[in-house]
Amino acid sequence: MSEEVNKQQTPLMEVQHIYKAFPGVQALEDVSIKFFPGEVHAVVGENGAGKTTLMKIMAGVYKPAQGTVFFNGEKVSFNHPVEAQARGISIIHQEFNLLPERTVAQNIYLGREPATFGVLNLRQLNQKAKSVLEDIGVDAMISPTDMTSSLSVAEQQLVEIAKAISLDARVLIMDEPTASLTRTEVELLRDLIFRLKEKGIAVIFISHRLSEVFEFAEKISVLKDGMHMGTSNVDEVTTEDIVYQMVGRVLDDYFPPLGDPEDFGEVVLRIKDGSNDYLHDINLELRKGEILGVAGLQGSGRTELAQALFGVDPFHSGTIELHGKPVSIKKPSWAVSKHLGYVTEDRKTEGLALMQPIRDNMLLAVRSLKNIFNLIQPNGIKEAPNLVPNLGEEVDVRVDTYDKEAQDLSGGNQQKVVLSKWLASQAEIFIFDEPTRGIDVEAKARIHEIIRDLTKQGVAVLMISSELPEVIGMSDRILVMHEGTIGGELPAEPNEAEIMLVATGHQNNNGKLESVASSRGEK
Amino acid sequence: MTTEVMSNDEKKWVKAFQRIPQVYYFLVIITVLGVVLDQIFARGNILSNPSILTNILIRSVALGIVAVGQTFVMIGASIDLSVAYTISLTAVLSSLLMQGDPSRVPMTIAIVVGVGVLVGLINGLIITKLDVNAFIATLGTGLIIKGFLNGSFTNWSGSVPESFQAIGYEKIGPIPISILLLLAVVIIGWFILSWTKYGAHLYGVGGSKEIGRLSGLRTSRVIIISHIICSLTSVLSGFFVVSRLGSGAPWVGPDGIYDLESIATTVIGGTALSGGRGGVFGTLAGVFIFGVIDTVFNQLGIDTFLKTVLRGAIIILAVASYSFRSEREAA
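Sequences listed follow chains A and B, in order. To convert, note that position 462 of the first sequence is 461 in numbering that gives the first Met the number 0; the numbers rise steadily by one, no gaps. To convert, note that position 128 of the second sequence is 127 in numbering that gives the first Met the number 0; the numbers rise steadily by one, no gaps.
Any given hint might turn out to be false.
Pairs of lysine-lysine residues, derived as DSS-like cross-links and limited to a Cα-Cα distance of at most 27 angstroms, are as follows [to be verified]:
#1 A:129 / B:128
#2 A:55 / A:218
#3 A:287 / A:337
#4 A:347 / A:271
#5 A:127 / B:208
#6 A:218 / A:271
#7 A:55 / B:208
#8 B:208 / A:62
#9 A:127 / B:128
#10 A:455 / A:337
#11 B:208 / A:347
#12 A:287 / A:55
#13 A:55 / A:403
#14 A:62 / B:128
Worth flagging that the hints you see were computed from the coordinates, not collected in a lab.
Turn these sequences into a full structure, and let the hints steer you where they fit.
Here's what the structure looks like:
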């Protein structure tokens with residue numbers, strides 16, 4: 000304990016009263032955390048809690064709006080990540096910054112190649128890289144002359160760590176380091192992190208997987224909606240405490256009333272044992288008139304489920320039944336012709352042709368169903384003159400002309416146009432992936448209403464969302480994804496803690512959830 | 000991975016084997032095809048004739064030199080469409096300024112090289128500072144040069160002295176100077192790409208501008224320098240062309256289709272259009288492939304349309320084989 004006290008006196012890095020806002024969101028609000036040398040510190044929180052923003056501020060990618068960053072007791076302000084690197088703060092982003100077509104050594108020393116008068120010393124380059132790889136104990140797995148593209152994700156991550164070590168990093172920030180690793184690889188990473196810790200490096204990592212957080216870290220800081228909820232020593236808290244800190248909040252959004260179970264019709268979609276490269280053993284049923292919510296952490300396979308169903312990355316095995324008949328959906332065009340609609344996560348690249356008029360965007364899907372040998376019509380299809388205004392009215396897009404380009408619309412109106420595209424194709428099953436991402440509150444509520452109205456017309460909805468309040472507020476039933484499969488199913492209106500426990504792999508039956516609910520009551 | 004069961008020695012061989020640009024297989028196939036055609040239609044008289052073989056090489060010099068420069072800009076994820084007009088500009092300016100007088104050669108070379116640096120600098124600045132797509136930027140500068148040349152010169156103008164024509168015709172020992180020139184350019188290009196910091200940075204910026212930036216590279220400077228190098232190879236190519244022709248005319252560059260052919264041979268040689276991958280030896284093989292096809296078909300007197308069709312097919316096959324390989328690697 001005395002050692003603890005000793006550590007307490009000299010934080011290696013500290014943030015004080017950090018504020019940061021992005022258009023429409025307060026990303027960080029008065030966050031103060033201390034990080035000590037030789038300490039593994041986990042930063043946890045839901046999607047959008049501000050974890051990544053905080054890390055990027057520490058690594059010099061962003062500048063804080065207010066507040067100060069201290070390094071080694073000294074106030075610092077970085078204009079560029081390279082400045083932070085030079086001081087010994089390295090960050091490993093979720094997306095690796097490695098060049099696939101270059102060797103490991105070339106990647107580690109990019110921009111810092113040993114050279115005399117501009118001529119490389121390749122032998123020295125490879126030797127230096129080798130000694131760094133030895134330093135972290137992975138020289139048996141990775142050779143400096145290996146082509147980076149030939150390495151696995153885990154090995155590439157080790158290269159990133161080697162790069163940070165070669166920069167004499169004293170603070171190493173890792174954003175979701177375990178997200179795409181297998182169990183053995185995670186253990187390898189854990190051993191490595193412990194070795195770094197012994198060197199006196201402060202390791203900070205962001206993770207969604209609470210089991211790993213408890214395995215790796217000594218301290219856990221929880222962020223929620225941009226606010227720091229507290230920092231605790233791992234041995235003094237339980238998973239439930241942390242989950243409660245992460246999610247305990249008031250629902251402030253408006254949601255339409257849930258569906259009446261009597262209105263739910265027959266099963267329109269059934270997947271049995273669906274598997275592909277990202278998913279395994281997917282079993283689900285979707286009924287006419289219901290909204291089936293899909294929750295899960297990043298990387299759990301939420302979007303992959305939608306893509307498998309829509310034929311983007313189809314299932315390799317298992318069966319899909321539509322209205323009780325087995326069907327094969329190997330391409331998105333097959334899904335469209337079977338009256339599936341897919342409102343994608345990223346409407347700007349996957350949902351809309353931004354530079355084309357609203358009219359054409361609305362007719363995009365329905366046109367693909369028409370015979371291409373039909374006569375060319377001024378608006379693409381014969382029905383267009385009536386169809387377009389009808390659609391506009393139905394989804395409530397308020398514009399003076401449908402000739403306006405889609406890029407000139409607000410996020411909310413854009414999403415409505417994407418929706419109307421599938422209304423036009425008379426889709427019977429709608430898949431929504433993050434239906435209200437990046438949309439203002441008012442438009443959000445409107446889109447929620449439209450989704451509910453759809454179900455009243457007999458449409459079945461599969462709604463994926465990383466926002467737990469949205470899943471809870473909208474869904475008649477909830478599937479929680481965990482590591483590529485469905486970890487559990489919850490009835491309507493569970494609390495956030497119940498979802499998080501299944502999503503983090505702590506719970507896949509309903510038995511022990513009671514204890515969380517009661518511990519929540521005590522707080 | 001199957002390499003796990005291999006010994007280290009075997010691994011080394013596999014690695015070395017994988018490093019051979021695929022284009023060399025194409026070169027071998029095309030050469031074999033050439034030999035077969037030669038045996039059937041000309042009783043082997045074409046490819047056993049040393050002067051014809053030398054001719055293949057000399058035909059490859061002008062394209063080869065400029066293709067090395069094109070390789071540089073394409074590794075940096077840029078492109079240069081102005082090379083053909085820079086070659087014309089060089090040819091016209093050289094013969095105009097030299098006027099057949101050997102004493103004016105050094106000054107002319109200095110001026111024309113300076114103009115080349117300026118063209119590359121302007122291309123690079125437009126691309127990096129004005130943020131104009133490289134395709135459009137260099138198309139624009141190329142057209143500007145073309146307009147200037149067409150407006151000022153309508154025919155062959157001036158001439159280069161005989162001493163300058165040595166580049167195109169003389170030999171050192173048994174080897175033509177022009178072939179030595181090509182080899183020198185290729186080797187210098189290889190050295191810069193593989194053995195200098197600048198080369199490493201060019202691959203870095205071409206592979207990902209963002210990664211380059213985050214690694215503290217001066218991305219704009221790297222791109223600008225690659226364009227200056229490319230324009231300088233165009234100038235060198237232009238010197239060779241004018242030394243062969245004796246005089247320059249505005250159409251010598253565009254007539255040689257140096258812009259599109261340098262891009263085609265670079266791509267055949269395994270340099271990715273998206274940047275960050277490739278090298279000059281691949282490009283050289285691409286140039287030789289075109290050289291072999293040209294020579295064999297010309298000597299046999301086969302209709303040129305067939306030659307053009309074959310070239311087109313090779314471009315497509317080569318690029319398809321590269322994307323096939325990278326897909327397999329990713330799996």
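Results of checking the hints against the structure:
1. A hinted pair counts as satisfied when its Cα atoms are at most 27 angstroms apart, and residue 129 (chain A) with residue 128 (chain B) does not qualify at roughly 38 angstroms.
2. For the given pair, residue 55 (chain A) sits about 20 angstroms from residue 218 (chain A) by alpha-carbon distance, which is consistent with the 27 angstroms threshold.
3. Between the alpha carbons of residue 287 (chain A) and residue 337 (chain A) the distance comes to roughly 15 angstroms, so the proposed pair stays at or under 27 angstroms and holds.
4. With a C-alpha separation of about 32 angstroms, the suggested pair residue 347 (chain A) and residue 271 (chain A) falls outside the 27 angstroms cut-off, and the hint is violated.
5. Between residue 127 (chain A) and residue 208 (chain B) the CA atoms are separated by roughly 25 angstroms; this keeps the pair inside 27 angstroms, and the hint holds.
6. At most 27 angstroms may separate the alpha-carbon atoms for a hinted pair to count; residue 218 (chain A) and residue 271 (chain A) exceed this at roughly 42 angstroms.
7. A hinted pair counts as satisfied when its Cα atoms are at most 27 angstroms apart, and residue 55 (chain A) with residue 208 (chain B) qualifies at roughly 19 angstroms.
8. For the proposed pair residue 208 (chain B) and residue 62 (chain A), the alpha carbon gap of about 21 angstroms is at most 27 angstroms, so the pair holds.
9. For the proposed pair residue 127 (chain A) and residue 128 (chain B), the alpha carbon gap of about 36 angstroms is over 27 angstroms, so the pair is violated.
10. Restraint check for residue 455 (chain A) and residue 337 (chain A): satisfied, since their Cα atoms lie roughly 20 angstroms apart, inside the 27 angstroms limit.
11. Straight-line distance between C-alpha atoms of residue 208 (chain B) and residue 347 (chain A) comes to about 23 angstroms, which keeps the hinted pair within the 27 angstroms bound.
12. Between residue 287 (chain A) and residue 55 (chain A) the CA atoms are separated by roughly 44 angstroms; this puts the pair beyond 27 angstroms, and the hint is violated.
13. Taking the CA atoms of residue 55 (chain A) and residue 403 (chain A), the gap is about 37 angstroms. The hint is violated against a cut of 27 angstroms.
14. At most 27 angstroms may separate the alpha-carbon atoms for a hinted pair to count; residue 62 (chain A) and residue 128 (chain B) meet this at roughly 25 angstroms.
Of the numbered hints given earlier, the model fails hints 1, 4, 6, 9, 12, 13; all others are met.
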